[in-house]
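Q: With chain A held as given, fit chain W onto it using these hints.
As a plain string of letters, each chain reads:
There are 2 protein chains.
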Amino acid sequence: MAKEKKVEQITDMEVDFAQWFTDVCIKAELVDYSAVKGLFIMRPYGYAIWENIMHTLDRKFKETGHENVAMPMLIPESLLQQEKDHVEGFAPECAWVTVGGSEELPERLCVRPTSETLFCQHWSHVVHSWRDLPCLYNQWCSVLRWEKTTRPFLRGREFLWQEGHTIHATEEEARAETLQMLEIYADTLENDMAMPVIRGDKTEKEKFAGAENTYTVECMMHDHKALQSGTSHYFGDGFAKAFDITFTNKENKLAHPFETSWGMSTRVIGGLIMTHGDNSGLVLPPKIAPIQVIVLPIAAHKPGVTEKAEELVSRLKAAGIRCKGDFSDNSPGWKFANWEMKGVPLRVEIGPKDMEKGQCVAVRRDNGEKIVVALDELETRIPELLNDVQQGLFDKAKANLDSHIFEAHSLEEAKELQETRGGFIKTMWCGDLQCELDMKEKAGMSSRCIPFEQEHLGDTCPICGKPAKHMIYWGVAY
Amino acid sequence: MAKEKKVEQITDMEVDFAQWFTDVCIKAELVDYSAVKGLFIMRPYGYAIWENIMHTLDRKFKETGHENVAMPMLIPESLLQQEKDHVEGFAPECAWVTVGGSEELPERLCVRPTSETLFCQHWSHVVHSWRDLPCLYNQWCSVLRWEKTTRPFLRGREFLWQEGHTIHATEEEARAETLQMLEIYADTLENDMAMPVIRGDKTEKEKFAGAENTYTVECMMHDHKALQSGTSHYFGDGFAKAFDITFTNKENKLAHPFETSWGMSTRVIGGLIMTHGDNSGLVLPPKIAPIQVIVLPIAAHKPGVTEKAEELVSRLKAAGIRCKGDFSDNSPGWKFANWEMKGVPLRVEIGPKDMEKGQCVAVRRDNGEKIVVALDELETRIPELLNDVQQGLFDKAKANLDSHIFEAHSLEEAKELQETRGGFIKTMWCGDLQCELDMKEKAGMSSRCIPFEQEHLGDTCPICGKPAKHMIYWGVAY
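For the protein sequence lines, the chains are A and W, in the order given. Residue numbers for the first sequence follow the working numbering, beginning at 1107 and rising by one. Residue numbers for the second sequence follow the working numbering, beginning at 1107 and rising by one.
Here chain A stands alone, though its shape is the one from the complex:
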């Protein structure tokens, strides 16, 4: 029977990085386009990656005392307008429901672009006393933001995410929450997704609409552009005041509580692709790979080979490894290419010669290395190799990040470094919006963050020459 499907070539990333990215999204069967621009279908393999990210985050949220809730998807226009900075930030990209059934609605309803206003209204109903605080809530949902240009994972008009929302009796507690959640994002990116991060503060210009502080974890992609991969916002009591949320504190006085919110989205799957992928397709870190090991029988028609391969699959599954065997009648070449495209961290091959020697051959997706594994050591060696791949991916990404951070002492130097080398350019900064706008206009870079780990690179802002307040990272961002 003729093969009706074959693994086709993808564009090399050196030729066209954007096209390579789209090719991987489609050919690895992560997404499909829908009839509406910017709304993507997450296919089983793409969604399985998201499920693994969800599971690790959800576990960490619950371990730190958070509870899941479900807020409505629609926000009345008047409710969205209740906090002035917030509505200014989001109104331009809202999608509006104006008709319900056969009737024009008396007030149009926005499909949530984010849910601060909904949480605030709920809290105004249920928070009365210090005994009701803190509320540590999270929800898993999708949101709509009517963007002009769209790309799978990186920028959708709809995307899946989690949004955490918390409310506290004290500023101190709310600030600690904001940083705790940023650390959970950093941990998930670095230790589960093998994506090294830089932690820092967003500038006034780049912070979330309505926030006092926005903290961010920034990652560097293979093309040396930046991806903001998770943010955590401290709101002070601004939203509480706008929504008239009060509580009786322990001193029996009426007070406004303090809020936070924090989110991570399917955007990080775009980050995974652009951090680890190569010209053969996706490369997935074992900890979040839907399939960690693919077992391929070699010369499967020879007696006992298929049975032996099936036995390996069973043994690996019993050892807690997400493992699958490919017993289809596709050619070995097709299978190699297909499972490489899908980024499965380890391929395990077994054929008649291996069986004679009591071994199998493991092939690492990250570097192509072939490792002979004795069959009686399968359950110990394969998890070790998966750890090696996990570490190998992190190390490679960390080397890419570390070797693409450059120090600049003038706007011109920053611009030239970006154009010739790319990556994150670190400079001192006076803190003024005008210098940030100048950097954007003249060097094409936005501020990524004021890193928690500050360095003293000089005394003055290289853009305006005034005294410097912080060290800051600049970059070209997705």
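Derived by calculation from the structure, the hints in this document are not laboratory data. Watch out, some of these pointers could steer you wrong.
Which copy is meant is left open, because identical chains are indistinguishable; a pair holds if it fits in one copy or across any two.
List time: in silico DSS-like cross-link candidates among lysine-lysine, alpha-carbon distance up to 30 Å [stated by the list, open to error]:
#, residue 1, residue 2
1, LYS1347, LYS1548
2, LYS1133, LYS1347
3, LYS1168, LYS1441
4, LYS1133, LYS1441
5, LYS1359, LYS1133
6, LYS1441, LYS1356
7, LYS1393, LYS1166
8, LYS1423, LYS1168
9, LYS1166, LYS1430
10, LYS1546, LYS1572
11, LYS1347, LYS1313
12, LYS1166, LYS1423
13, LYS1190, LYS1168
14, LYS1168, LYS1393
15, LYS1393, LYS1423
16, LYS1168, LYS1414
17, LYS1168, LYS1133
18, LYS1441, LYS1521
A: Below, chain W without anything else, positioned relative to chain A:
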């Protein structure tokens, strides 16, 4: 310090069942109202129940080979119109997005009321050969249906659900899938939620818009009304034809595949409340209760009591039980009422006298029975008691169902039985729509299902006197 919150009385169910239901939803902190009619907020305790239902369903779906995906939330009007029966069924209750950002959209977009059309369009892209079949997909999401009258859980303009969608090479396989998924719903309702079901076929009038067959599991509530608790639809190749989905079969000929869909929603939480609840509030079956055991220290100020209670909590948690201690300074009376309202299956009390005797006292939520448990038997006795509660709830609900099924041989008899006794009325039926409409108009009952377990109650339809085709259940439904 004065208690700022106390557990208030709820309306007795015998006085006003509808008000009792609403009181339980609010006082047990399951839901809150949002600013938009019919859109409810699921609070942590309500959502935790849904999470437990999701986990058991999701596990069963995956064990039977299904994969999760995420379809967009918006459907272009032209796409929704592609299958004629389907659009007729859903268009009257769609909510429409007409504005995106600052622009009027060229075509209005419906917020999904269900996603058959989206799955069909996707499959028209990716299904080409028998090798691509079956696709066994599911998604967890919320949908909008612009209902006129709304109630928490039972009828919302937005509700959370799962919708499974599958596509197969043969009719036989699709039909088997439809029944398999109905059986997973029946199993979940009966064995996890302690809600006995009647399985059957919906009539032409009651089936899903666009389906050839709709199978249902019907439950009986405490007030003897019916709740349709899960449905599974067989579509034949109707949708495939409407959406031009074809595949090359094993005989190398172009053919249309066969589809199914099946869904269960947060509506079943309404069912849980109305099946097991009582005048003290919610009663939850242990298998889906967020908290299975609440431990209360009695005379907590006495030396060692709090420590002992904490020890019990740790031991029960270590034994895999979802357990919590209430160490707040609320009075024991308040705590009893609060955890009864929340429906926690077992309350475990420990005080100084119990400690002397090396025991604790377990109190069953379902029947108030007090059981002395020796502390050294804690890890074996508590799971046994939880099983007893689970079984006790099922038995009580089954007795309610069995004692409220009545046989009628005329429309008048059916009407009188419904008015005097309530419940499900079983009769023979000719299969004609007119008799179904007559039963609705004259006796206020809709057809619930043509049960898989048929009985021969006579030869003629008691409504029109023509030859009978089936035995059918009638009832007043939520």
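Q: With 30 Å as the alpha-carbon cut-off, assign the pair LYS1133 and LYS1441 to within, between, both or neither.
A: within (14 Å within a copy, 57 Å between copies)
Q: Check LYS1441 against LYS1521 for me: Cα-Cα at most 30 Å, and say if that holds within a copy, between copies, both or neither.
A: Answer is neither; intra-copy 45 Å and inter-copy 66 Å both fail.
Q: With 30 Å as the alpha-carbon cut-off, assign the pair LYS1359 and LYS1133 to within, between, both or neither.
A: Result: close only across copies, 26 Å inter versus 61 Å intra.
Q: My question is about LYS1168 and LYS1393: at a cut-off of 30 Å on alpha-carbon distance, are they close within one copy, between copies, both, or neither?
A: both (19 Å within a copy, 20 Å between copies)
Q: Can you give me the call for LYS1166 and LYS1423, within, between, both or neither, at a CA distance of at most 30 Å?
A: Both ways: LYS1166 and LYS1423 sit 25 Å apart in one copy and 18 Å across, limit 30 Å.
Q: Can you tell me if LYS1190 and LYS1168 fall within 30 Å by alpha carbon in one copy, between copies, both or neither?
A: neither (32 Å within a copy, 46 Å between copies)
Q: Since the copies are identical, ignore which copy is meant and state whether LYS1347 and LYS1548 lie within 30 Å (CA to CA) inside a copy, between copies, both or neither.
A: neither (40 Å within a copy, 56 Å between copies)
Q: Is it within a copy, between copies, both, or neither that the alpha carbon of LYS1393 lies no farther than 30 Å from that of LYS1423?
A: both (15 Å within a copy, 27 Å between copies)
Q: Which holds for LYS1546 with LYS1572 at a C-alpha limit of 30 Å: within a copy, between copies, both or neither?
A: Cα proximity of LYS1546 and LYS1572: one copy only (18 Å, versus 82 Å across).
Q: Regarding LYS1168 and LYS1133, is the shortest C-alpha distance of 30 Å or less found within a copy, between copies, in both, or in neither?
A: between (35 Å within a copy, 24 Å between copies)
Q: One pair to classify: LYS1423 and LYS1168, alpha carbons no more than 30 Å apart. Within, between, both, or neither?
A: both (27 Å within a copy, 15 Å between copies)
Q: Tell me, please, which holds for LYS1168 and LYS1441 at an alpha-carbon limit of 30 Å: within, between, both or neither?
A: between (40 Å within a copy, 24 Å between copies)
Violated hints, listed in ascending order, are 1, 13 and 18; each of the other numbered hints is respected by the structure.
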